[in-house]
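Visitor: Put chain B on the given structure of chain A with help from the hints.
Chains as they are written, first to last, in this note's numbering: chain A, 18 to 614; chain B, 6 to 463.
Keep in mind that the hints were calculated from the coordinates and are not lab data.
A couple of the hints might just be wrong.
Stated by the list, open to error - Where chain B lies over chain A, by a calculated footprint (3+ residues, C-beta under 8 Å):
| no. | segment |
| --- | --- |
| 1 | 149-158 |
| 2 | 332-338 |
Stated by the list, open to error - Selected chain B positions facing chain A (in silico; Cβ < 8 Å):
| no. | residue |
| --- | --- |
| 3 | 69 |
| 4 | 164 |
| 5 | 200 |
| 6 | 213 |
| 7 | 267 |
| 8 | 292 |
| 9 | 322 |
| 10 | 408 |
| 11 | 458 |
| 12 | 461 |
Unchecked claim - Simulated DEER-style distance windows between Cβ atoms:
| no. | chain 1 | residue 1 | chain 2 | residue 2 | range |
| --- | --- | --- | --- | --- | --- |
| 13 | B | 389 | A | 110 | 35 to 45 Å |
| 14 | B | 165 | A | 173 | 29 to 39 Å |
| 15 | A | 48 | B | 281 | 53 to 63 Å |
Even glycine gets a Cβ: it sits at the ideal position worked out from N, Cα and C.
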Amino acid sequence: MKTGKSPQNTIRLLENISLGSAVFAVVLCVLIIVNFIQIKRADPLNTPAMTALIEKLQSDPGNEQLSQEIQTLDLLARKAFFTAQWQVRTGGYLLFISILLLVSCFKAIELISVKLPKEPAGKPPMFWETRILKRQWLVYSGASLLALTLLLAWLTHKDLGKDLGSGKIQDAGYRMRDDVSPTPNPQSPTPNSQSQIPNSQPQIPNSQPPIPAWQEVQANFPCFRGPGGIGITACTGIPTSWDGKSGKNIKWKTAIPLPGYNSPVIWGDKIFLSGASETKREVYCLDAVSGKILWNSPVEKIPGSPSQAPGVSKETGQAAPSLTTDGQRVYAIFANGDLIALDLDGNPVWSKNLGVPANHYGHSSSLMMYRDILIIQYDQRGAPAVIGLSGKTGEQVWKTARNVKISWASPSLINTGNRMELILAAEPSVASYDPLTGKELWSIDCISGEVGPSLAYAAGIVFSVNEYSTLSAVRIADPPKVLWENNEYLSDVPSPVATDKYLFLVTSYGTAVCYDAVAGTKYWEHDFGNPVYSSPMLAEGKIYIMDKKGMMNIIKADKEFSLLSQCPLGEGSFCTPAFTNGHIFLRGDRNLYCVEK
Amino acid sequence: MRKTNLVPALLAFTTLFPKTVFAIQRFPKPEFESAYTQPQTQIPLPRGEFMAYLDVAVLLIALSVVTWLVLKKRSRLWVFAMSIFSLGYFGFYREGCVCSIGAIQNVSLALFDSTFVLPLSVILFFILPLLFTLFFGRTFCAAVCPFGAIQDLFAFKPQALGSRLNTVLGIIPYLYLGLAVLFAATGTDFIICRYDPFVGIFRFTASFGMFLFTGILLLSGIFIARPYCRFLCPYGVLLNWTSRFSRSHLTITPKECIQCRLCENSCPYDAIDIPVTTKSPESSPVMVKKMMMMVLIVPVLVIAFGYAGSRMQDTLAGVDPRVKLAKEVLSGMRDAGSGMRDAGYKMQDAGYKMQDAGYKMRDAGYKMRDAGYKMRDESFEIKAFKASGKTESQVYSEASAVLKKFYIGGWLFGGFIGLAIALMIGGRMLPVYRADYVTNKGRCFSCARCVDYCPVKS
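Just chain A, same shape as in the assembly (with noise of 0.2 Å):
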């Protein structure tokens, strides 16, 4: 050991320094710790000056000087983040500098004042007793842990094996529901053969309301043109004449708070609608009898909705697409990509926000319901695909990605025959899915262009037209193959009706064409002289075509032009009609009227 006289000089000068890095040391941890909640607290792409340039910039798009400032601000912003980055790595290594320092000067000096051991005061501690006392200890720690880890598996057990175990169930469950395949029908398929579609509905494992029924569905318009969505529908005692001015036939007339191009669906007595504006969403459900708006539900704090509504063309609006509804819930979606489910009482069920489609004329593709199963078409640029929800829970079923381009057009349910199939359209083809599972049946290239119409269908034969583009009659078969094409006709918005024998098409210029549905033979054409946005409804043997001046042709659904009657709203109209036996409802620029027989 080491013994001799201490140097005390060398021994004060490095108690000198040690105290130097001593302090240095506890003013960079205090810096460090400050720039560090600082870094934590910045979010430099987020300022509110940067904020407030951006929304300014949103105003006034074409303002150069002012995306030079965002960009300036930007810079500085990033400049000063990495800056105080830059300096808690350097504060860091300062800080582990002036604590080597430190340690190393206090090893010196422990290496330089060695002192002599002494020899313990008083007697050598007790070695039984404390023996005895660690026993003693030992027993109690280990009791107290045995009790403390028993209480915490206590509070904390949550049979989370038997929860995993039933969520196997239900899940297989699920998975047997979803493999049921309809009965096939021999029978060849009719506008009526809509409602053989089959409804086999397996047993779910846990107890949840039952899926309606098609026949229920059917008395019902639950989405945009009718079940089905094919411009079909089977109630009886439709009015044909009524003037929204005088108020001839109208039982009522009420105006809807914010606009909307959507269509009405009805389910029972209430008809459900959407509105919205750039800063507010809304869902309304009206009386059927008396009109009354019986709750007005907004849409709001979605999470992940953009906080600003995307841009849309003034001829698509906030909300475009219609709703949907199976008779427990109502479904809406908006321009901005805000989905929510609420019952019929207008409380919210579920929502989420599906991202900003990126569609530059505004979404406004239509809900569509299948038993229990929320298809949304989300044909956008870049990650364009099909979505099948849970109508209960908004959670993901089955999601297809399609190698289409953006289109607006609104989803198809027809029954082949053999089976259900979900039918789109955008460019270049038309697709066939299970809406059960989601899984491509067929597609066949025979449209292009900003498909907006939907499809019709009839007699196991599929329309599709578009813009520039062509009219296509595409038979569903193994392969599916085109019948006949034409592109003397051609429509940018209203979707064709088709009979087993005909297919009535309107442009959007006004001109309504009939052909043979088999052969592709025009047998008529008539300009009704105003431009078309809703479209044509088949109902009792006769075709509805709305203007947009709001003036209603009723013609027979024939191979000979009759024109039964015209009907003026007394407002402009882009809505389909929506129907329940004896009456029409017709949603106009500001109200929806009810006309009855």
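Guide: What follows is chain B alone, placed relative to chain A:
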């Protein structure tokens, strides 16, 4: 070395050897033609084959040198110098990886998962310190382990902790070891690495929380020498056991103890056993009775702790990412979110109906609803699951399998803790006789501080 000690060591080595390969980068990064430099995402970067063996060679040389310094040179100063080297090489240069402490997890996982590839260098890092300890005591702790070295630097004013605290805190390393092996063996996590307090310092990448924890640990180390080594280190448990069998352990005095008592308080780690020349105050029949009772109590303790461990199955398995995902898929979060949101709407409605107080309630409702929305937001795990194409049943099956592992693992972990506590109690019932001041082979870090205090020189 006795043959009995060699056999288990060789057995372990030969069991693990067939699974070993060299650590190589399996998926080389793409090369860019531009001047873009790819950021380093893995710290430290994987070592090449040669460098990995260089590390092993350095470890072997360091162990040999320190052992020689402790046992032959008996120089605290040189041991300290070696600890500075180890801190520099294994700590700051190798950034704390690979380390013998963390290797416990690799070895555990390799023993329970045949698909896990265990590099030979990791095995050597695990085994070499244990082998040296088996022969020469914990010379690895003395000056080779960078964790010990950095703490040793701060041990300026070590204070005796008191036997009670020392004993109680001594249980923690067993818990940590048990948990580390359990989580590694089930493929859940490497908790020793995740919560390593020193690598953040070695790599200059410590998170704020970890920086704070390390700071507290090092500052407390000024008064409580080597707190991590004594009251946390899981590898220390294995070294403690092996060191008890070491034949050539560091002795305080090179010759005969002269009972001067100068070394009595020299050890900052409370690792010097004082002479015991008196008999236990408890009579022999009482001690025998207690010992017999202890023998009976051991299985009871093992079963009781094992049962408690198995009952912790859900909580422990909750750490596993597969179980977490299954729980999330099971819609716990989603339903909770929707429920809270609905509650929020109800409160909001109530708020509308009431006037002044109502506004406050409505605000509270908004807050709850927002919280609900946040909870309902999908996690990355859920998104990844949906993108993976796996079915929910598969996720539940995987989680159930993990849960089962944790049930068995919980029994083993609990049983291990019960056994450890039982043996600690039992060990303190055995008769003791020693005439001199000696180092406690299990606890002694072979730092050679006590050597300087002994007036007897060779």
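Visitor: Look at each hint and say if it fits the structure.
Guide: Structure-based check of each hint:
no. : hint                      : verdict
1   : 149-158                   : holds (count 8)
2   : 332-338                   : violated (count 0)
3   : 69                        : 25 Å, violated
4   : 164                       : 14 Å, violated
5   : 200                       : 19 Å, violated
6   : 213                       : 6 Å, holds
7   : 267                       : 4 Å, holds
8   : 292                       : 11 Å, violated
9   : 322                       : 7 Å, holds
10  : 408                       : 5 Å, holds
11  : 458                       : 5 Å, holds
12  : 461                       : 11 Å, violated
13  : B/389 - A/110: 35 to 45 Å : 37 Å, holds
14  : B/165 - A/173: 29 to 39 Å : 38 Å, holds
15  : A/48 - B/281: 53 to 63 Å  : 54 Å, holds
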